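Visitor: For this one, chain A is given, so just place chain B on it according to the hints.
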Amino acid sequence: MTATTHTEAAPKTTPLYDSHVAAGAKIVDFAGWAMPIHYGSQLKEHEIVRTDAGMFDVSHMCVIDITGGEAKEWLRTLIANDVEKLGFEGKALYSGMLTADGSVIDDLIVYLTHYGYRMVVNAGTADKDIAWMLKQAEGRNVVLTVRRELAMIAVQGPNAIEKACKVLHEEWESTITSLKVFQGFPFGSVEEGWFIARTGYTGEDGLEIMLPADEAPLFWKALLGAGVAPIGLGARDTLRLEAGMNLYGHDMDETISPLQAGMGWTIAWEPADRNFIGRAALEAERAAGVAMKQVGLVLEGRGVLREGQKVVVEDIGEGIITSGTFSPTLKHSVAIARVPAGTGATAQVDLRGTLTDVRVVKMPFVRNGKKVFE
Amino acid sequence: MSNVPAELKYVNSHEWLRLEEDGTVTIGITDHAQELLGDVVFVELPSVGDVLDADATAGVVESVKAASDVYAPIAGEVVEVNVELEASPELANSDPYGAAWFFRVKPANVADLDACLTAAEYTKEIGA
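Protein sequence lines, in the order shown, are assigned to chains A and B.
To convert, note that position 163 of the first sequence is 163 in UniProt numbering; the numbers rise steadily by one, no gaps.
To convert, note that position 116 of the second sequence is 116 in UniProt numbering; the numbers rise steadily by one, no gaps.
Here chain A stands alone, though its shape is the one from the complex:
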């Protein structure tokens, strides 16, 4: 017998790990977490979310509560979107958190709550985000509470809200069904941890439900009983790509400006005196002219567009595919690409050595189960 040294830490598991294994999941390492990639067929799972209701374990994402007297003013400098827009309790805001150089540390959602703010950040970036936030909070009256004791389940699809309500407290139903898109609400006390938002990452209607980790397996089982199918990270990726949504580490990261990554709409330029981190760099970039832009690509013939493939725009320059896949809904390939700002309606992609014509379109590709681009 020989001794071996393991230098890599074992992947972390969510409270639902055993539930995934019991459901026949194929488990992979995702950003240091042991997560289900699919439960048999990624294509079938994709279809279920587009036509019925599916659920995703997104407990690897990180919930951070932000309190303290300066929480609001601090958030107005920390992120590029403006929490001043959160006009009432429960409203959610999507934003980038930027470096001073104006590149993307992470993308996140922040909710206004009765006790302060709740932020949800990506799994793979959580440690980095928290370190950055703690540094920015030094000397400020801001308290960050990382809620690792919470699990998070996204229920998505045209029947998602109806099916989820069957297994949630009956007295919560009227509040849940009255939630507008991009609104969330805590149920019970903050410590109890139940928080339900009408948000998601699939282009379908649905809920993201935060709840105590020790209650998650039973709730997951109840959702199964209500006819909500477990969906893996594979289908999560094809769904979000069809919906034209960015994935951190692929469509943007710390080397890319939000202006080049389709996130211009998330930057609140007004009021002009709100000096958020990265503002000066973005203003300079905008004044000089943004060199690249994010577009959708459509390949209606055979083949699959993949991340990293070169995009050639005749007489203009080159770009790159940042996410590409076969679209299960459209039955052909689509991609998100970063291309020269002057790119028009057509381009070519180096598809395994062959320059292949693709159409350049405005995203999303699919919304509420239907093709939306021209």
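What the hints contain is simulated information worked out from the structure, not anything from laboratory work.
Here the structure is a predicted model, which is why all the values come from computation and not from measurement.
Where hints are given, some of them may not hold.
Here are a few chain A residues that face chain B, going by a calculated C-beta distance under 10 Å [claimed, not checked]:
1) Ala34
2) His38
3) Ala235
4) Phe326
Even glycine gets a Cβ: it sits at the ideal position worked out from N, Cα and C.
Guide: Below, chain B without anything else, positioned relative to chain A:
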């Protein structure tokens, strides 16, 4: 656990081979390969009449996850391709040793089959 039928031959690039009664050899990808690929969405096959060297690229199989080359496990001339598989690439997932055969070759040297892996050797190769 992957299915590795005992009566077939294999190569470590995950193609299987079956010697037919007429002396041609049918070639496909293994159950282990389709498991690794996940849902198959496109298949590109060689053309009838192509003369392939052993280990030459003979086609492409694209899944939702990745694109992979399909190799000719032995040298020979392509005598038939599975057009049904082109139309229904998902057969590669559901029936890798049956309806999802890829192509047939007339082998340059039928003895080349002897150098291919047995089911037991391939099973060991994939750690199944």
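Visitor: So, for every hint listed, does it hold in this structure?
Guide: Taking the hints in turn, this is what the structure says about them:
1. Given the 10 Å rule on beta carbons, the hint for Ala34 (chain A) is violated: about 18 Å separates it from the nearest Cβ of chain B.
2. With a cut of 10 Å, the hint placing His38 (chain A) at the interface with chain B holds, because the nearest CB-to-CB distance is about 7 Å.
3. Residue-level restraint check for Ala235 (chain A) holds (minimum Cβ-Cβ distance to chain B is 9 Å; threshold 10 Å).
4. Interface restraint check: Phe326 (chain A) against chain B, minimum CB-CB distance 4 Å, threshold 10 Å, status holds.
When each numbered hint is compared with the structure, a violation occurs for hint 1 only.
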